[in-house]
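Use these hints to put chain Z onto chain H, whose structure you have.
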Amino acid sequence: MTGLAGTGQLTKLAFRRDAGILPVCTFGIVVVVAVVARDLKVLYPTEARRLALVQTAGGNAALRFLYGRLEGTSTGALTTWRFGVWAACMVAVLAIFVVIRHTRADEEAGRLELVGSAAVGRQAPLTAALLTAATAPVVIVLLACLWLVKLGLPAAGSAALALAIGACGLVFTGVAAVAAQLAATARGARGLAIAVLGAAFVLRGVGDTGPAGLSWLSGASPLGWVELVRAFGSAGEYWWALAFPLAAGGALVGAAFALAAWRDHSAGLLPDRPGRLAASGFLRGPFSLAWRLQAGVLAGWLAGYAAIFASLGAATKGVGEIFNTSAVLKRYFLQIGHQHTIIDAYLSAVMLLAGLGAAAFATSAVLRLRTDETGNLAEPVLATATGRIRWALSHMSVAVGGAGLLLAAAGLSAGLGYGILTGSVSIQVPQLLGAALARWPAALVLAALAVALFGLLPWEATAVAWGAVALVAFIALLGPSLQWPAALMDLSPFTQTPKLPGGPVAAVPLVWLCGIAVALAAAGLLGLRRRDLGDLGPSYRSYHGRIHDYLVDYLQLDQDGSRH
Amino acid sequence: MANAIEIRALRKSFGRTVALDGLDLEVRAGEVHAFLGPNGAGKTTTIRVLLGLLRADAGQAVLLGGDPWRDAVQLHRRLAYVPGDVTLWPGLSGGEIIDLLGRLRGGLDPKRRQALTDRFALDPAKKARAYSKGNRQKVALIAALASDADLLLLDEPTAGLDPLMEATFRDCVQEERHAGRSILLSSHILAEAEALSDRVTIIREGKAVETGTLAEMRHLTRTSIEAELAGPADLRGLPGVHELTVAGTVVRCQVDQAALDAVLGRLHRAGVRSLTCRPPTLEELFLRHYSSERTTTGAPR
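Protein chains in written order, with my numbering: chain H, 1 to 564; chain Z, 1 to 301.
So that you can see chain H by itself, here it is in the shape it has in the complex:
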């Protein structure tokens, strides 16, 4: 079939471009599933303990919404409950990013035009993208199955869980393939596919927690099909349920091929909204430009924060009961949260997560400066009556303000989620809002570090700034239970933050953190004032490194930073 000519070459090219990130993500997902299974085996070694967990957690609506239904009391059933749906979500996200990166993103950038002018069939790029994306679920199925069996879980259940997760990946490979035909931009296609995933999650959640009359909703969701397989279920696996995702995935892929054969190159099937004829009064300086450019990303983060922290807040009530079923788990949370009561420890750990996320957002907002500098988007602004410092401050204001908004959203939604269930909104909302905002200075220290790097070490800024965020996350989440030395723990600004709620309120560390942030930012701005600007550097550093390239490609750090 000539429509597929060149597929082999294109698939090789796709694998080569993804040689780093695809194996890392694929393996990462397998590791996460295996670690969850191992942890559950260690934490709940006996049937009696597991039964206690099932009785408390299985009845908690918030946890059912987050994780799904619990079908059995074996370690395997607990693993399926705790991570089946979530691993499926991860596989889905990976599939969405890979498919769209090799289809619509390449088409939008004009690369597929060049490819298409060669002896390459019309369907070859889509086929190559699907083959590349499909390897991840296939490998995950094989490795996860083997690993679970090696951990001593029953073979049938291991295979069923792995297949259910992998099949969900295939469904979203199809969803992404169709979205890539519908939307004219990679960003739009990605948004569309992620929205379908979000809808699937909500459908399943409502079906699992709502009244019995609504339970069919989870059967209508690709994520619900993961549960439907009943891996490790006490009544045996429902193998036939795997037919749903396979059929849906096949149908979606077929639809994508039909649409691809029908539409014009570079055209989308959804209308592209025209822009404004003239700028609104709002868009009149570097600050409004920075906020306008980052508004979409920030809105996405805020929506995600509201949903996640409302769920985590709502889950608080059941948490104490669950922790009483495992001494090890209880100790872990008490260590991370540095608390004496388990509820406070849990909430403090949740707010720590909110702080880490806000630090990541603020860092990405600051690094936008670097992306704009190397992507020639700083030049047009700096050629006007905008000085470097004002330009830098414009994006820094998004980092500071955005981190604050995110933390406020986390505190507010967690407070509402917990407060509404316990009838204590007026207590929980202010308490958790304060606890969340107490993490603001620590998040800003990381953003300010990014500013310092941008001003003083621009070529390393992206890699080192993200490395610092990762290090701080490791310290915060793993350090306490691994009992890392205090000197190492003290490196993280979150170690210095008062452990709220529950801990003593201390203003001094917060003032210190703010001072450090200001000093780092000032150092960066001083450096920026003195250095050359533009996409240049010593010739041996003309690249930004593979990690940076991957980040830009996958997370679309450049979503307004590249000229497409």
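Just so you know, the hints here were simulated from the structure itself, not pulled from any lab data. Only a predicted model underlies this, so the values are computations on that prediction, with no experimental measurement involved. All C-beta atoms, glycine included, are put in the ideal place defined by N, C-alpha and C. Please note: incorrect hints may appear among the correct ones.
Said to hold, decoys possible - Quick partial rundown of chain H residues pointing at chain Z, CB under 7 Å, derived from the structure:
| hint | residue |
| --- | --- |
| 1 | Pro271 |
| 2 | Pro274 |
| 3 | Arg276 |
| 4 | Ala278 |
| 5 | Ala279 |
| 6 | Leu283 |
| 7 | Arg284 |
| 8 | Ile322 |
| 9 | Asn324 |
| 10 | Asn376 |
| 11 | Leu377 |
| 12 | Thr384 |
| 13 | Ala385 |
| 14 | Ala470 |
| 15 | Asp532 |
| 16 | Gly534 |
Stated by the list, open to error - Computed from the model, here is a short list of chain H residues facing chain Z with C-beta under 8 Å:
| hint | residue |
| --- | --- |
| 17 | Thr7 |
| 18 | Gln9 |
| 19 | Leu182 |
| 20 | Asp264 |
| 21 | Leu277 |
| 22 | Gly285 |
| 23 | Pro286 |
| 24 | Leu289 |
| 25 | Val297 |
| 26 | Gly375 |
| 27 | Pro380 |
| 28 | Leu382 |
| 29 | Ala383 |
| 30 | Gly387 |
Unchecked claim - What follows is a set of in silico ranges between Cβ atoms, one per label pair, in the way DEER data are often shown:
| hint | chain 1 | residue 1 | chain 2 | residue 2 | range |
| --- | --- | --- | --- | --- | --- |
| 31 | Z | Lys111 | H | Phe287 | 27 to 37 Å |
| 32 | H | Ala519 | Z | Asp171 | 18 to 28 Å |
| 33 | Z | Glu284 | H | Phe287 | 50 to 60 Å |
| 34 | Z | Asp171 | H | Arg531 | 35 to 45 Å |
Relative to the frame of chain H, chain Z by itself:
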């Protein structure tokens, strides 16, 4: 009136790469100055120094009477810049970007904005991600031309424009000149420089190798001669004659200014049936500067 741009012995290196190696450049107030050179000659680096994005290692640069590094913001109110590779924010429409750049610069004339948008036939409602290279170029050009800046810095501004739009661009530049603005037009399109510029500076490997009006530069250079003769004329070995070809009775060659008289004498003696003499195109001037690597005998300078 003072010069719009005055650069003396400007040097800039990136690591071991020398981008500017003692560049001199002078743009007089109210003139269109063509800044010619191949890719990598240092044109864009010069403009980035003038914009205060790069700090010169040595030498002097004065822009509109100020220091381009120290007084960047004040100076930028009085200049407009069109980059060679126009990058725009994909999510903003062309109209929004024109307004934004105008406002960042301190205002633009809405009537001129409208007139220019019509002349360049730009659809301002399209998002920048949907624009072709030429349309992105138009957005930057309209934003620059609609400003009331004293100085326009145009870095290869017609690279993506079609011939029709290029003609529109040339008309616009002529109008700006009449309005008394100074323009630095960096280019490697020689016809453009020939058609538009009052004076020319040719840059090569970070140094100005030639500067002056086209007339002045031709004075230094050879004349192209094509003659059909009645009989044989031996021009070989004559000093100042270059690239001589003889095809039957047709003789083609390039002649230095000083040798012109002697060459014409020999042609006359052989009997001239037809004769074409023309000044060298900029193309030829240019080729000589950049081919001197292989003909190390050197151009007469």
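Against the structure, the hints come out as follows:
Here the hint on Pro271(H) is broken, as its CB sits about 12 Å from the closest CB of chain Z, past 7 Å. Using the Cβ-Cβ criterion of 7 Å, the hint placing Pro274(H) at the interface with chain Z is satisfied: the shortest such distance is roughly 4 Å. Hint on Arg276(H) holds. Least Cβ distance to chain Z is approximately 5 Å, under the 7 Å limit. Of the supplied interface hints, the one on Ala278(H) holds, with its beta-carbon coming within about 5 Å of a beta-carbon of chain Z, less than 7 Å.
At its closest, the beta carbon of Ala279(H) sits 4 Å from a beta carbon of chain Z; the interface hint therefore holds under the 7 Å criterion. A hinted interface residue such as Leu283(H) counts as satisfied when its beta carbon comes closer than 7 Å to some beta carbon of chain Z; here the least separation is about 5 Å, so the hint holds. The interface hint given for Arg284(H) is met, as the beta carbon of that residue sits about 5 Å from the closest beta carbon of chain Z, less than 7 Å. Taken as an interface hint, Ile322(H) does not check out: its beta carbon lies about 44 Å from the nearest beta carbon of chain Z, beyond 7 Å.
Given the 7 Å rule on beta carbons, the hint for Asn324(H) is violated: about 50 Å separates it from the nearest Cβ of chain Z. The interface hint given for Asn376(H) holds, since its Cβ lies 4 Å from the closest Cβ of chain Z, which is under the 7 Å cut-off. For Leu377(H), the interface hint holds, the least distance from its beta-carbon to any beta-carbon of chain Z being 5 Å, beneath 7 Å. Against a cut-off of 7 Å between C-beta atoms, the interface hint on Thr384(H) holds, since the closest Cβ of chain Z lies about 4 Å away.
With 7 Å as the threshold, the beta carbon of Ala385(H) comes within range of chain Z, its nearest partner Cβ sitting at about 4 Å, so the hint holds. Taking 7 Å as the C-beta cut-off, the interface hint given for Ala470(H) is violated, the closest approach to chain Z being about 29 Å. Interface hint status for Asp532(H): upheld, as the beta-carbon distance to the closest one in chain Z is roughly 5 Å, under 7 Å. Nearest Cβ of chain Z to the Cβ of Gly534(H): about 6 Å, under the 7 Å cut. The hint holds.
Of the supplied interface hints, the one on Thr7(H) is violated, with its beta-carbon coming no nearer than about 28 Å to a beta-carbon of chain Z, more than 8 Å. Contact between Gln9(H) and chain Z, as hinted, is not supported at the beta carbon level, the nearest pair being about 28 Å apart and thus beyond 8 Å. For the restraint placing Leu182(H) at the interface with chain Z, the shortest Cβ-Cβ distance is roughly 16 Å, beyond the 8 Å limit, so the hint is violated. Because the smallest distance between the Cβ of Asp264(H) and any Cβ of chain Z comes to about 14 Å, over 8 Å, the interface hint for this residue is violated.
Hint on Leu277(H) holds. Least Cβ distance to chain Z is approximately 5 Å, under the 8 Å limit. Satisfaction of the interface hint for Gly285(H) is found here, the shortest Cβ-Cβ separation to chain Z being roughly 7 Å, below the 8 Å cut-off. Residue-level restraint check for Pro286(H) holds (minimum Cβ-Cβ distance to chain Z is 7 Å; threshold 8 Å). Restraint check, Leu289(H) versus chain Z: the minimum CB separation of about 6 Å is within 8 Å; hint holds.
The interface hint given for Val297(H) is violated, since its Cβ lies 11 Å from the closest Cβ of chain Z, which is over the 8 Å cut-off. For Gly375(H), the shortest C-beta to C-beta distance to chain Z is roughly 6 Å, which falls under 8 Å, so the interface hint holds. Below 8 Å, beta-carbon pairs count as interface contacts, and Pro380(H) has one with chain Z at about 6 Å; its hint therefore holds. Interface restraint check: Leu382(H) against chain Z, minimum CB-CB distance 6 Å, threshold 8 Å, status holds.
This hint holds: Ala383(H) has a C-beta 4 Å from the nearest C-beta of chain Z, less than the 8 Å allowed. Hint on Gly387(H) holds. Least Cβ distance to chain Z is approximately 5 Å, under the 8 Å limit. Range check, Lys111(Z) to Phe287(H): Cβ separation about 28 Å, and the 27 to 37 Å hint holds. As the Cβ distance of Ala519(H) to Asp171(Z) is approximately 55 Å, the hint placing it in 18 to 28 Å is violated.
Look at Glu284(Z) against Phe287(H): about 52 Å separates their beta carbons, and that is inside 50 to 60 Å. At about 40 Å, the CB distance of Asp171(Z) to Arg531(H) agrees with the hint of 35 to 45 Å.
Checked against the numbered hints listed earlier, the structure breaks hints 1, 8, 9, 14, 17, 18, 19, 20, 25 and 32; every other hint is satisfied.
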